[in-house]
Every structure is written in C-alpha cells, then in structure tokens.
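**Q** Read top to bottom, the protein sequences are chains A and D.
If you count the first sequence from 1, position 56 lands on 56 in this note's numbering, and the numbers rise without skipping.
If you count the second sequence from 1, position 281 lands on 281 in this note's numbering, and the numbers rise without skipping.
Honestly, the hints are just simulated from the structure, not real lab data.
A few of these clues could be false.
[To be verified] Covered stretches of chain A, going by a simulated chain D footprint (3 or more residues, C-beta under 8 angstroms):
no. : region
1   : 17–29
2   : 33–45
3   : 58–65
4   : 94–102
5   : 106–113
[Stated by the list, open to error] Cβ-to-Cβ under 7 angstroms is the rule here; a few derived chain D residues that face chain A:
no. : residue
6   : Thr140
7   : Pro143
8   : Met280
9   : Ile282
10  : Arg397
11  : Tyr438
[Unchecked claim] Listed next, the in silico DSS-like pairs over lysine-lysine satisfying Cα-Cα at most 25 angstroms (straight line):
no. : chain 1 : residue 1 : chain 2 : residue 2
12  : D       : Lys356    : D       : Lys345
13  : A       : Lys19     : A       : Lys52
14  : D       : Lys232    : A       : Lys114
15  : A       : Lys92     : D       : Lys318
16  : D       : Lys345    : A       : Lys114
17  : A       : Lys52     : A       : Lys114
18  : A       : Lys19     : D       : Lys345
19  : A       : Lys92     : A       : Lys19
20  : A       : Lys19     : D       : Lys318
21  : D       : Lys50     : D       : Lys232
22  : A       : Lys52     : D       : Lys230
23  : A       : Lys92     : D       : Lys316
24  : A       : Lys92     : D       : Lys356
In this text, a Cβ means the ideal position worked out from N, Cα and C, and glycines have one as well.
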Amino acid sequence: MATTTLQLRWLAHARSGDKGDAANVGLIALDPDFYDVLRREVTARRVARHFKGMVTAVERYELPNLRALNFMLHGALDGGGTLSLKTDAQGKVYSTALLRMEIEVPRKLARRAKELAS
Amino acid sequence: MKADRTVRIASGQGFWGDWLEAPVRQVQGGEIDYLVLDYLAEVTMSILQKQRSRDPAMGYARDFVTMIERILPDIADRGVRVISNAGGVNPRACAEAVRRAADAAGVGDRVRIALVVGDDLLPRLDELLAGGEPFTNMDTGRPLSDAREHVRAANAYLGMRPVVEALEAGANIVITGRVTDTGLTLGPLVHEFGWSHDDWDRIAAGTVAGHILECGAQSSGGNLLRDWRKVKRLEDVGFPIVEATADGAFTVTKHPGTGGVVNVASVTEQLVYEMGDPTMYITPDGVADFTSIRLDQTGRDRVRVSGITGGPRTDKLKVSVAWFYGYKAIGSLVYAWPEALDKAKAADKILRKRLKALGLEFEQVLTEYVGVNATHGRLAGDPDPDLAEVMLRIGVRARERAPVERFTREIAPLVLTGPPSVTGFAGGRPQVEEIVAYWPALVDRTLIEPFVTVEMV
Numbered sequence: 001m002a003t004t005t006l007q008l009r010w011l012a013h014a015r016s017g018d019k020g021d022a023a024n025v026g027l028i029a030l031d032p033d034f035y036d037v038l039r040r041e042v043t044a045r046r047v048a049r050h051f052k053g054m055v056t057a058v059e060r061y062e063l064p065n066l067r068a069l070n071f072m073l074h075g076a077l078d079g080g081g082t083l084s085l086k087t088d089a090q091g092k093v094y095s096t097a098l099l100r101m102e103i104e105v106p107r108k109l110a111r112r113a114k115e116l117a118s
Numbered sequence: 001m002k003a004d005r006t007v008r009i010a011s012g013q014g015f016w017g018d019w020l021e022a023p024v025r026q027v028q029g030g031e032i033d034y035l036v037l038d039y040l041a042e043v044t045m046s047i048l049q050k051q052r053s054r055d056p057a058m059g060y061a062r063d064f065v066t067m068i069e070r071i072l073p074d075i076a077d078r079g080v081r082v083i084s085n086a087g088g089v090n091p092r093a094c095a096e097a098v099r100r101a102a103d104a105a106g107v108g109d110r111v112r113i114a115l116v117v118g119d120d121l122l123p124r125l126d127e128l129l130a131g132g133e134p135f136t137n138m139d140t141g142r143p144l145s146d147a148r149e150h151v152r153a154a155n156a157y158l159g160m161r162p163v164v165e166a167l168e169a170g171a172n173i174v175i176t177g178r179v180t181d182t183g184l185t186l187g188p189l190v191h192e193f194g195w196s197h198d199d200w201d202r203i204a205a206g207t208v209a210g211h212i213l214e215c216g217a218q219s220s221g222g223n224l225l226r227d228w229r230k231v232k233r234l235e236d237v238g239f240p241i242v243e244a245t246a247d248g249a250f251t252v253t254k255h256p257g258t259g260g261v262v263n264v265a266s267v268t269e270q271l272v273y274e275m276g277d278p279t280m281y282i283t284p285d286g287v288a289d290f291t292s293i294r295l296d297q298t299g300r301d302r303v304r305v306s307g308i309t310g311g312p313r314t315d316k317l318k319v320s321v322a323w324f325y326g327y328k329a330i331g332s333l334v335y336a337w338p339e340a341l342d343k344a345k346a347a348d349k350i351l352r353k354r355l356k357a358l359g360l361e362f363e364q365v366l367t368e369y370v371g372v373n374a375t376h377g378r379l380a381g382d383p384d385p386d387l388a389e390v391m392l393r394i395g396v397r398a399r400e401r402a403p404v405e406r407f408t409r410e411i412a413p414l415v416l417t418g419p420p421s422v423t424g425f426a427g428g429r430p431q432v433e434e435i436v437a438y439w440p441a442l443v444d445r446t447l448i449e450p451f452v453t454v455e456m457v
C-alpha cells in the first residue's frame, strides 16, 4: 500500500491544559475513519520522541467513544502553575505543538484528509 | 414530579475574570432553572486569603455581588436559583454582602441565601498535623511539615452534598468556598431528581455535565480549534446550558440567537480538557468513566450526552494548600528588522553576563524569543531569517526577593547599552511577583465532612 507522511493537523484537532507540572493533550480524530490510524501511529513512544528535551515522560489513554487519544506530557511545564517562567505556563498550546508531528498514512487517506480540510 | 421533566442548568462563568455579561445574558436570554458560576482556581485561594488577612470582611469574589445585583429581579420573580463557589475563603462575608444587596433592592424577603463552610482548613491545620495527618505532597512525596511556616491557604475540595442540603433548605442563592466545579452542577441535579448519593452512574452523569459547564464558553465555541473560522459571532457567544432528565442523559445547548456553536467537536474538546486517566475522573462524589460517554448531534446547537457510567467515591478528599515559594519577574524588549533575532540573542547574552557579574543567584533564568520559539520551542523549526521583529522575553525566579528586584532594573539599560533597533519598553520596569505554589494532598474525608455546615443568612 502506497503511503505518505502527513502532519497530524490534517487528521485531528486537539485541546490541552495543565495538571501540575504535566500538560495533557486530547487528540481528536477529524473523521471517524482517522481514529484507527491515529491509534496505530501516534504511540506514547513516538510522542515522547516528538517532544524530546521538552517533556520527561509520556502516557497515553484511549477514548474510542470520542475517537480521541489523551496524552499526559510529564515535566512539560518547567515546574508548572505559578512557578513556571514559560509563556505557556499552563500548557494551553501544547495541543497544536502535537499537531506538528508527522505520521505515515496511506495515500488515499491523506487525499481524503486534504479534501476534508478544503 | 413528571418522569420526563427537564432541568436547565446554565454556566455563567468559567473562571474569575471571565466575561462579565455572560451570567446576565444566561438569566435573561431564555428559560433556565439554575445558574452555576465557577470562580476558583488553585492560585485564586491564596490571593483571597491575602485579601482576608488585610481585611476580615474580604476574601471572596466581589464581582459576584455586583453580578447578583443585576439579576436580583430574575431570582426573586422567576425563581432562577444561583449556585457559586464565589465565597472563596470567606463565604460568610460574601453571603452577607449579597444579603445587604437583596435587602437594599427591596427583594430581601423573597431571597433565601445559604452559605457553606468547612472547607477552610487553615484554622485547623496545626491540629490536623499534630493529629498525624501528613498532607503528603502528591507530586513530591514531602510532608507538609517541611513547608508549614509558608502556608497561606489550605482548603479541602467538597462535593455536591452541602449544595444539595442548601437547596433542600430552600436557598435561592448558594454560596460556597472550595466546592468542586462539578459539584456546583451535580448538586441541583441530585436535588431535583432525588438521585441516591450512591447511584454511581447518575452521579457520574451529573459530574460530566459539570465538567462540560465548568469552563464556560469553552464548550460552546470559545477556544474551539476545529473549523475555528466557521464559529460565528463570538462577540455574542452563548454560554453552555445543560438540559437534564432524571435518567442521567442530558443535552448541551445554548440560548437561541446567541453566537458560538455547540457541536460534537466543541463538546469533545471540553471533555478532554485537563483530563488524566479518562476511566477515572475522580471527584469527591464519585468516579466518572469518560470512555463511556456517548455524544450525538440531535439538532442545531444541540448535543445529546448519554450512556455515562461511574463508580463509588473514594474515602479521601483532595486538599489544595497554597504556600509561599519565592519571587519571579519577567521582562521583555522588542527588536526590529534587520537581523532582529540576532540582536535579541546578543542582548540576552549581555544581560546574562551583567547578572553574573553582579553575583546574583537565581533558581532559573529562562529566555524565550516571542515570534520564534516561545510556544512550541524547537518544534517551531528554523526561524525566517528576515523576521520583522522579535520579542526578547526573559524570566527569573529566586527564593529571595533581592536578586529578582535587581533583575528588574537591568532590562531598561539594554536600550542604550545594548544592540540597536530596540523598542517596546514603555511599560517601565517589570514587576516583582510573589510566587505562591500549590501543594496537592489527600485527607480522610471523615476528618473534614463532620465540620461542613450549611447556614442561611
């Protein structure tokens, strides 16, 4: 099957927030058909690699009912809450930082994702 | 009571500082039964405690009283009931201020006000520590005795039970301290439908309803990433409303004619907000399983939420301790084209050398380049070499005030003693801010709940 690389922004939307020194990112499939490829490709290990140097550990939870994955990004907020000196001390835009990640998808699915966006 | 009766609960405030018009629009824009308003975040409690230490009549969200004045006729004449944790660390003073406002407006005899106390652990903290409660920090494992002298506020998170008690006593306005955001919504549902306190699926359903309402418009089009350009008229955004039935299912909607949108995407984004393990959303009232939630778009701006399951509450309550940590300050300067980023980087180097030469000690000095890497770090990739401008943003943190104070005086001098094409310093010196840190802990609920009381004023 012919594949291509695609940024997650074409396959998912996301929202993030803080939990102490961790940020959470909920990654939600833009189409029900995209959930399986997200579940397969966007593993905790690959997300940890994507955020290498920015987080200390990653946990992943699945919500098939919402076609969503939830990622806990530990150590993401430089102390978190009031201690953090970061612009994004509450992890509000880790959501779109995850959407920068590229994954391998079938060409057909990539075409559909681009069509959906236009 | 008809079995298919619907109860309408409207969110009026997602945090202290949210849109002031929202609660009034919720009350006056259509039929609702309850208005719920969340004012408290961890950091808010320490700010309120500080205000109370200066003036014993303070320590609550004063915006709440101003807002209540605007909707008193609706409370008195239409029977809209209001539930809020605006009481902060002084629910009594808040309730008394609302009482005075109601009396002054001539509706005092038709408005019953309840206040909930017992969440504030500061007066009992030494006794609890002496009794062997360690208040172990859930993140660091340290006992609270290590930081006792720095504690500014300590509050247990209460659930829906005192809210139910207040409503059963006939309150039109319920004012609490640290009751959970979700408890403010679950309370009226338990009261209206007579749900058993151990009917865990319905408790979970009301908790999910509360989670959808607790951040205001964040579930009705605000901060919505999916198709954000298509979200219309956010200037008139309708805050979310839950229409619930006794079986635990509910519909999320908003008043007709308002801006924003309620769809599966807007509700889903709010559901995953600040989520940990979705199968264990723990509150004082029970544990909700977010993987059981079913969402269906049933009409324009209508999303039905059903199928929710949950489990029993735990024997612990969460405690939020606010403790004084130290000081921080953040300064910024703007560098213009050409070579804006290089100029900003050169300025950062000069500043760091000066701080070092002064012998100042910081826990951390953080430099960010706004427009280049401030939000996404290295993931943002290589910057455009021809950027129009870059904001240099430097933050410092220390346990002592003096080095932070001195740092605030080292920013402006860079204008005449550093790289060229610099501007954006009109705001003056950065402010030194006190850092009040958050210490999460657990405590046995048996030590707290007997002290929780509801009073009418």
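**Q** Now tell me if each hint is right for this structure.
**A** Now for the hints, and whether the structure bears them out:
Figure legend: the region 17–29 of chain A, annotated as covered by chain D; annotation consistent (8 residues with Cβ-Cβ distances under 8 angstroms, at least 3 required). With 0 residues having a beta carbon nearer than 8 angstroms to a beta carbon of chain D, the region 33–45 of chain A misses the requirement of three or more and the stated coverage is violated. A stretch counts as covered by a chain when three or more of its residues have a beta carbon under 8 angstroms from one of that chain; for the region 58–65 of chain A and chain D the count is 5, and the coverage holds. Coverage of a stretch by a chain is defined here by at least three residues with a beta carbon nearer than 8 angstroms to that chain's beta carbons; for the region 94–102 of chain A and chain D the count is 4, and the condition holds.
Counting residues of the region 106–113 of chain A whose beta-carbon sits less than 8 angstroms from any beta-carbon of chain D gives 0, not enough to reach three: the coverage restraint is violated. Given hint, Thr140 (chain D) at the interface with chain A, is violated; its Cβ is 10 angstroms from that chain's nearest Cβ, farther than 7 angstroms. Evaluation of the Pro143 (chain D) hint against chain A yields a violated restraint, the C-beta minimum of about 18 angstroms exceeding 7 angstroms. Interface hint status for Met280 (chain D): violated, as the beta-carbon distance to the closest one in chain A is roughly 10 angstroms, over 7 angstroms.
Evaluation of the Ile282 (chain D) hint against chain A yields a violated restraint, the C-beta minimum of about 12 angstroms exceeding 7 angstroms. Checking Arg397 (chain D) against chain A by beta carbon gives a least distance of about 6 angstroms; that is within 7 angstroms, so the hint holds. Evaluation of the Tyr438 (chain D) hint against chain A yields a held restraint, the C-beta minimum of about 5 angstroms falling below 7 angstroms. For the hint pairing Lys356 (chain D) with Lys345 (chain D), the CA-to-CA distance comes to about 17 angstroms; that is within 25 angstroms, so the pair holds.
A threshold of 25 angstroms between alpha carbons decides the hint, and for Lys19 (chain A) with Lys52 (chain A) the separation of about 20 angstroms falls inside it, so the pair holds. Proximity of Lys232 (chain D) to Lys114 (chain A) is assessed by CA-CA distance (about 23 angstroms); at most 25 angstroms being required, the pair is judged to hold. Among the hinted pairs, Lys92 (chain A) with Lys318 (chain D) is consistent with the structure: their alpha-carbon atoms are about 24 angstroms apart, no more than 25 angstroms. For the given pair, Lys345 (chain D) sits about 38 angstroms from Lys114 (chain A) by alpha-carbon distance, which is inconsistent with the 25 angstroms threshold.
The suggested pairing of Lys52 (chain A) with Lys114 (chain A) is violated, with an alpha-carbon distance near 28 angstroms, which exceeds 25 angstroms. Of the pairs offered as hints, the one joining Lys19 (chain A) and Lys345 (chain D) is violated, with about 32 angstroms between alpha carbons and a cut-off of 25 angstroms exceeded. A C-alpha spacing of about 11 angstroms is found between Lys92 (chain A) and Lys19 (chain A), which places the hinted pair at or below 25 angstroms, so the restraint holds. With a C-alpha separation of about 14 angstroms, the suggested pairing of Lys19 (chain A) with Lys318 (chain D) holds against the 25 angstroms cut-off.
For the given pair, Lys50 (chain D) sits about 41 angstroms from Lys232 (chain D) by alpha-carbon distance, which is inconsistent with the 25 angstroms threshold. This hinted pair does not check out: Lys52 (chain A) and Lys230 (chain D) have alpha carbons roughly 34 angstroms apart, beyond 25 angstroms. Between Lys92 (chain A) and Lys316 (chain D) the alpha-carbon distance is near 29 angstroms, which puts this suggested pair outside the 25 angstroms criterion. Proximity of Lys92 (chain A) to Lys356 (chain D) is assessed by CA-CA distance (about 33 angstroms); at most 25 angstroms being required, the pair is judged violated.
Of the numbered hints stated above, those contradicted by the structure are hints 2, 5, 6, 7, 8, 9, 16, 17, 18, 21, 22, 23 and 24, listed in ascending order.
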